[in-house]
Every structure is written in structure tokens, then in C-alpha cells.
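Please construct the entire structure, taking both the sequences and the accompanying hints into account.
These are the residues of each chain, in order.
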Amino acid sequence: MKQNKVGTKGIASALGIVLLIGAASLVLAKPKDQGERVVPIKVKRFEYMPKEVTLKKGVPVVLELKSLDVPHGFNLPDLGVRADVLPGQTARVHIVPKQTGRFVFHCDIFCGTGHEELEGAIVVKE
Amino acid sequence: MAAHINRREFLRLAGLGGVVFASGLGYTADAATSKGSKLEEFYWVQLSDSHWGFEGPPVNPDAKGTLKKAVEEVNGLSQQPDFVVFTGDLTHTTDDPVERRKRMTEFRDIVAGLNVKTVKFMPGEHDASLDRGKAYREFFGEPNYTFEHKGIHFIVLDNVSDPAAMIGETQLEWLKTDLAKLDKNARIVVFTHRPLFDLYPQWDWATRDGAKAVELLMPYANVTVFYGHIHQEHHHMTGHIAHHAAKSLIFPLPAPGSAPKRQPIPWNAAEPYKGLGFRSVEAAAESASKYELNEYLIKKA
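Quick note, the sequences are listed as chains A and B, same order. Residue numbering for the first sequence follows this note's numbering, starting at 50 and increasing by one per position. Residue numbering for the second sequence follows this note's numbering, starting at 7 and increasing by one per position.
The reader is advised that the hints may include incorrect statements.
[Claimed, not checked] Keeping only pairs whose Cα atoms sit at most 27 angstroms apart, straight-line, the calculated DSS-like set for lysine-lysine is:
hint	chain 1	residue 1	chain 2	residue 2
1	B	267	A	115
2	A	115	A	100
3	A	93	B	140
4	A	91	B	267
5	B	267	A	100
6	B	267	A	147
7	B	108	B	156
8	B	267	A	105
Don't read these hints as lab results, they were simulated from the structure.
As C-alpha cells, then:
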């Protein structure tokens with residue numbers, strides 16, 4: 050949650066907050082880089098839309114996450130990235146998938162009765 | 007000492023005891039407390055994750071009866087524990103603040119039936135994360151606190167009132183200040199809801215800043231953590247610190263990562279209440295880091 054306090058578009062861009070972990074990088078509200086495929090993901094109680102995203106190995110993408118209702122989380126432990134997804138803001142998660150497989154992400158900010166079912170998956174193919 | 011032997015013998019004869027487990031494996035510390043007093047032998051009972059208000063016949067057709075059974079079974083123990091602790095998720099979450107308080111009222115009324123009148127509580131995310139602990143505080147008081155009992159310093163940590171599953175800097179500072187008063191050989195027990203270590207982050211079985219709490223505890227020789235959240239017995243060491251998860255009183259969950267999803271294990275009519283239960287924890291007098299855990303299963307009748 051604290052990340053979001055500094056996660057406004059202007060501040061985060063100015064600070065250039067970048068986390069580089071494993072196969073992915075997370076940037077909160079950083080403008081997308083040239084050449085990256087943009088994948089919009091919306092989230093509401095208790096659904097990510099789309100629920101599954103297919104990516105190509107080695108091709109960089111930026112996930113643009115928006116909440117339609119309450120604060121949610123986006124946590125993708127297998128790629129070492131997470132972001133707070135707050136209403137009215139855009140969280141951007143930069144990924145360069147380096148291995149194929151199915152990687153589950155989930156909400157890690159408790160959001161109500163269906164919180165524990167709020168998850169989706171990144172599928173990486175050759 | 008005779009009472010100690012009798013209770014163990016009773017457990018063995020009655021077939022109630024599960025695996026007897028000594029934490030602080032292979033480590034023997036000075037048998038003195040922070041106040042220099044001798045260790046005393048006693049035991050407490052840990053109950054967890056009763057999720058009062060949950061409805062889901064496929065996973066527990068006796069959702070309104072299981073907590074009551076647990077209370078009866080604790081009352082039926084041949085020797086009563088010094089205290090009972092509930093390690094969170096007392097109630098099942100609801101978006102309705104009125105319903106939340108109704109569930110807490112009902113839970114409190116049922117637990118009032120325990121013969122043991124010293125009962126310690128802490129919230130789980132189902133109790134506290136939607137209103138940052140407001141309703142919980144109205145019923146059960148502060149979500150983090152300390153208490154002393156027979157030479158043990160107990161610390162209750164709240165890692166759920168922040169919906170992001172964080173202890174938070176304020177509470178970590180409180181923990182640091184509390185620990186600073188203690189001798190490095192003090193006998194310390196931590197109660198919390200979520201695991202303080204990354205048990206299985208893919209299922210959100212972690213505390214985002216739990217490592218900071220473990221780091222603060224690490225200089226102390228005799229620390230043991232008891233928690234809930236994962237609805238099953240589990241034992242883990244971070245260095246010399248043992249972490250013990252307790253069974254639930256509503257439905258069991260699969261072992262970490264053993265299933266595609268973190269879904270409740272369906273009720274098995276052939277083995278009702280399988281995986282549901284509570285534990286007793288006996289503080290040994292001979293070592294400040296050793297505890298005996300006995301696992302109890304909820305009985306059919």
C-alpha cells in the first residue's frame with residue numbers, strides 16, 4: 050500500500066522507480082517503453098479481465114493494470130513482481146518472459162468475500 | 007511433575023495425542039527467563055480459523071457445530087490448560103459491517119462456554135482486513151499486545167489489519183522496543199495469524215514484511231512462533247526459530263503447492279471432521295526452547 054503513496058504518475062516517473070527481479074521488472078505508473086506490447090488488465094471484485102494472458106517467450110510486454118472498484122494487488126511470485134492496483138491509477142508491470150509455462154498471479158490485498166478466488170495466469174509460449 | 011506424567015499418560019491411553027513434537031530442534035538454552043526465574047511446566051491450547059459464519063456444506067456440513075464441538079472437547083480435557091489462544095480468523099469475512107458484528111457476537115458467546123476463562127485472541131484477515139480491525143477492536147481489544155505467563159514472554163503480532171498483509175513499520179518499532187527489554191535468553195512465544203516467512207507466496211501464504219519481524223527476533227535464543235491461516239498442521243524452521251501452524255475448525259486446505267488451487271478439501275462423509283482440530287502446547291521445564299505439541303482431531307460424536 051505504501052508503494053502507492055508514491056505511485057502517482059508524475060512522482061513515479063520522476064523517480065524512475067524500477068524493480069528488476071528475475072525475468073520481469075515492475076514500474077509503477079512509468080510510461081510504456083517504445084516497442085513493448087501493451088496488455089491491459091482490469092480487475093474488480095473478484096475477477097481479473099482477462100483472466101489469462103498469453104505471452105511469447107523473450108518478447109517484452111507491459112501489463113497495464115487498472116482497478117474498477119477497490120484496491121487490489123497483483124502478485125506474480127514466480128516472476129518476482131507485484132504491484133498495488135488502486136482505483137483511478139494505472140500500475141504498469143514490465144515483463145520479459147524468459148521461460149515457458151503457466152504462472153499464476155493473485156490479488157494480495159484483501160478485497161472481500163471472494164478475495165481468495167481472485168487470480169489469473171500468465172501463459173508463456175515459445 | 008506427577009501431574010505432568012499423568013497428563014501425558016492420559017493422552018497416550020486415550021489415544022488423543024498426535025505426534026509429540028519438540029521445537030527448537032537440537033537446541034538447548036539456559037533454563038532461565040528474562041527475569042531470572044525458573045521455568046515452569048504448564049500447557050495451553052491453540053485453536054484457529056473457526057471462520058464462524060462460513061456456509062459451505064460440501065466442505066463442512068456442520069459449520070455451525072464444529073466450533074462448539076471444539077469448545078466441548080477442550081472442556082473435556084482431563085486437566086484444563088492455563089489458557090486458550092485463538093490464532094485468528096475467528097469469523098468468516100463478510101462485506102456487511104452489521105453481519106460482521108453479528109458473527110463476532112455469536113463467536114464470543116460460543117467461546118464464553120470454555121471452562122478456561124483466560125482466552126487470548128488475535129484477528130485473521132477475515133476478521134479485520136476489510137475495516138482495518140475496527141469491528142475486531144470493539145469486541146476483542148487491541149490486535150497486538152504482550153503478556154507474561156510463568157516465565158514466558160508472549161507477543162501477539164497483527165499481520166492482517168493492514169489488508170496488504172503487512173505488520174507495518176509502527177508495529178515493527180513497537181516489537182523492537184518490546185524485545186529490547188528482554189534478555190537474549192528470554193523464553194519468547196509469538197502468536198500471529200499469517201506465517202511470518204514465505205511459506206508459499208503463490209497462495210498468499212506469507213506476510214509481506216514478515217522477514218523484518220523474524221530479523222528482530224533472531225538475536226533471541228528461545229523463540230517459537232505459533233500461527234494459523236493455512237488450515238493445517240505445519241512445522242518450519244527459520245534458523246533456530248520454530249514456526250508451527252495449527253489446524254482449522256472449519257475446513258482443511260491442501261499442503262502448500264500440492265494442488266492447482268488453494269481450495270478447501272471437500273468433506274468426506276466416511277471420515278467426518280478429518281483434518282479439523284486443535285492442539286495443546288506444553289512448555290517444558292527442562293529447556294526454554296522446547297515444547298510438546300499434541301494434535302487433537304474433532305470427534306464425530
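| message | Run the distance test for residue 267 of chain B versus residue 105 of chain A: straight-line Cα separation, threshold 27 angstroms. | response | 25 angstroms, holds
| Does the alpha-carbon distance linking residue 108 of chain B and residue 156 of chain B stay inside the 27 angstroms limit? | Distance ~35 angstroms between residue 108 of chain B and residue 156 of chain B Cα, so the pair is violated.
| field | Pair hint residue 115 of chain A and residue 100 of chain A, alpha-carbon separation not exceeding 27 angstroms | value | 14 angstroms, holds
| said: What's the verdict on residue 267 of chain B and residue 147 of chain A, does the C-alpha distance respect the 27 angstroms limit or exceed it? | reply: 24 angstroms, holds
| Does residue 100 of chain A lie within 27 angstroms of residue 267 of chain B when you go C-alpha to C-alpha? | This hinted pair holds, its Cα atoms lying about 15 angstroms apart.
| Given the proposed pairing of residue 267 of chain B with residue 115 of chain A, does the C-alpha separation stay at or below 27 angstroms? | Distance ~24 angstroms between residue 267 of chain B and residue 115 of chain A Cα, so the pair holds.
| field | 27 angstroms Cα cutoff - pair residue 91 of chain A, residue 267 of chain B | value | Satisfied, since the Cα-Cα distance of roughly 22 angstroms is no more than 27 angstroms.
| query | Is the hinted pair residue 93 of chain A and residue 140 of chain B satisfied, with a Cα-Cα distance of at most 27 angstroms? | reply | 24 angstroms, holds
Hint 7 alone, counting from the list given before, is not met by this structure.
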